[in-house]
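S.K.: Take a look at the letters that make up each chain.
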Amino acid sequence: MNVSRHFGDVKAVDRVHLDVPDGEFFTMLGPSGSGKTTCLRMVAGFDHPTAGKIELYGQDVTNLPPYERDVTTVFQDYALFPHMTVFDNVAYGLKIRKLPESQIQQQVGDMLELVRLPGMSKRKPSQLSGGQRQRVALARALVTHPRVLLLDEPLGALDLKLRQQMQIELKNIQQQVGITFIYVTHDQEEALTMSDHIAIFNLGKIEQVGTPAEVYEHPATEFVAGFVGVSNLVRSPLAESITGSPQTFSIRPEKIRLGEVGGSAPKNMHSATGIIREVVYLGINTRYIVDLDGGGELMVVEQNMETTSMDVVEARGRKVNLMWDKSHARFIGGQA
Amino acid sequence: MTTPAHAKERETVRPPSSILRDISTFLYRRPWLIMTLLLAPPLLWLGVVYLGSLGALTLNSFYIYNSFSGQVTPGFTLNNYAKLFGGSNPTIVFRSAGMAATVTAICMALAFPVGYYMARYASPRLKRFLYLSVLLPLWSSYIVRIYAWKTILANEGVLNWFLNQVGLAGARDALLTAPVIGGNSLSVSIIGMLLVFVYVWLPYMILPIQASLERVPQSVLDASSDLGARPFTTFWKVTLPLAIPGVVAGSIFTFSLTLGDYIIPNTLGSTLFIGNIVERNLGANNNLPLAAAMTVVPMIVMITYLLLARKTGAFDAL
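Residue numbers (the numbering used here), protein chains in the order written: chain Y, 1 to 336; chain X, 1 to 318.
The hints are simulated quantities; they were obtained by calculation from the structure and are not laboratory data. Please note that a few of the clues may not be correct.
[Unchecked claim] FRET-style restraints, in silico, Cβ to Cβ:
{"hint": "1", "chain 1": "X", "residue 1": "K311", "chain 2": "Y", "residue 2": "E113", "range": "32 to 38 Å"}
{"hint": "2", "chain 1": "Y", "residue 1": "G52", "chain 2": "X", "residue 2": "A105", "range": "46 to 52 Å"}
{"hint": "3", "chain 1": "X", "residue 1": "R128", "chain 2": "Y", "residue 2": "Q59", "range": "49 to 55 Å"}
Quick caveat: nothing in here was measured; it's all calculated off a predicted structure. All residues carry an ideal CB built from backbone N, CA and C; glycine is no exception.
Just need the whole structure built from these sequences, with the hints factored in.
M.R.: The structure is reproduced here in structure tokens:
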């Protein structure tokens, strides 16, 4: 895929080039308005590129209507047919392909089993919960065995518990059916949990493509460092005083250790001193905001292995020495 | 001495009490009361005036009419209903129902594309303009518009002039010589009547169809296409079923309004419809019971229509 899409003067998608490997769970991640949904709609055929080309398995589909593409979509609002039962919704694509009735029965039944909705086939969408509608939408899109399944923020409307459960299920289903999934989300945690590869979108362009570990550990740009997970960005002159190089670097909050002032830093560590300004106790871990003596602030996250909420609150105002392994500091734009 | 200062502070925070405020607080605490107060007038209107008059009408249809003295005496007889089956009455009932069905079918065919365009394609500006265009005719008197059509359709009218100009006069004459629907002129034929009926009731079909199509999310149509349905299949299996409640609502208007109308048949020719029979029996003959019995017919036709529509699942998507 190598496309641009302009709406008037607005370049919603600006010369995006993407190759999605076969059979992968591929995620397009980015804030709203970054062009990821427009890209998805162009792959589905609901929108057409202003310039460029979309290929599916070597076939140019740029000008094909949606009904001639071997691609199906799970919509953000599920888009179930309100006048049909669950069975008829799932059977829709098969009926259009004029499959024999017995095969339709069989395949719809299997699919409802796969998404764990047996016994619901006679219900109407209005009688289902959000999570159940989501499963129907997934079954309806999968039952025709498309080569690519597109998912447009399908979990956005679900509550946290259900969303986390569905993330695992989606990944399992993807591995079971072996179909390429292209998943659009603005939730970086979701992207990290499920994807084989992630493309990070910003302002209509792709900032980085990589595995979850790559984009998390080696963010290519400032934007990626800030958007995927939480990062401290340190610019010069502070950066220079710490590392000796004027280059901006990012450091993950969980890589920083809080230490006593006075001890000298080992050779392989960067260090900086400061005062704890803010402490937020989060149960599993604690988040500290440290005002650095050299100006600026760093966020530090520590596991609550031995600390309790009592200890944590007392930490406010304490002078600390922050240290981190040099290899965890990521220089942005250039050397790693 | 700090307490008075405190109390004073409170006094300024809390708004001064007044009768209006007391009333609103009283009602706020009793939501059922405000509901009852709001609903009582419309319920009284619907229950007493509307249903009451329908009841009185039905009751009247069983009263006894003395054709010799022209007197109506309360009682119970099925004579009025028996008369519906006598003379030309059955023909008139079927003619009226046939006209209403034809008008409804033509209105559906004309209104659907307009409603579809308004709901799916028109820009907000164009949509406002179309709304206005659909509603504008309803602002002027219906009688004036019917007379305007009589002039348009007359032999010397603008429509005939136009047909003559484009060389379609022959086609018009052939149409006018057709049995039943023909006549001496378009302005006194059933064809003319049909045209005017469609014209006056069309807005009542466009608006509900447009509203029902507006409620269909684009993503549902996208989903159909996405699953392999060609545009025609999507229309047939998704768009149309979801628009049916609007079509049914519209057809209730066009069908019942046509069925009961007597002004258009009176103005455009002399063919009798149910409305004309009702009018005659009310006026000259003072035969209120027969007029009432005649009015019960459209009610039964409409109830049957609604039951049939429900049976076909037309309201399932509501």
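S.K.: Run every hint past the structure and note whether it holds.
M.R.: Against the structure, the hints:
Between K311(X) and E113(Y) the C-beta distance comes to about 34 Å, which sits within the given range of 32 to 38 Å. Between G52(Y) and A105(X) the Cβ separation comes to about 48 Å, which falls inside the hinted range of 46 to 52 Å. In this structure, R128(X) and Q59(Y) break the distance hint of 49 to 55 Å, their C-beta atoms being roughly 44 Å apart.
The structure fails hint 3 only (numbered hints given earlier).
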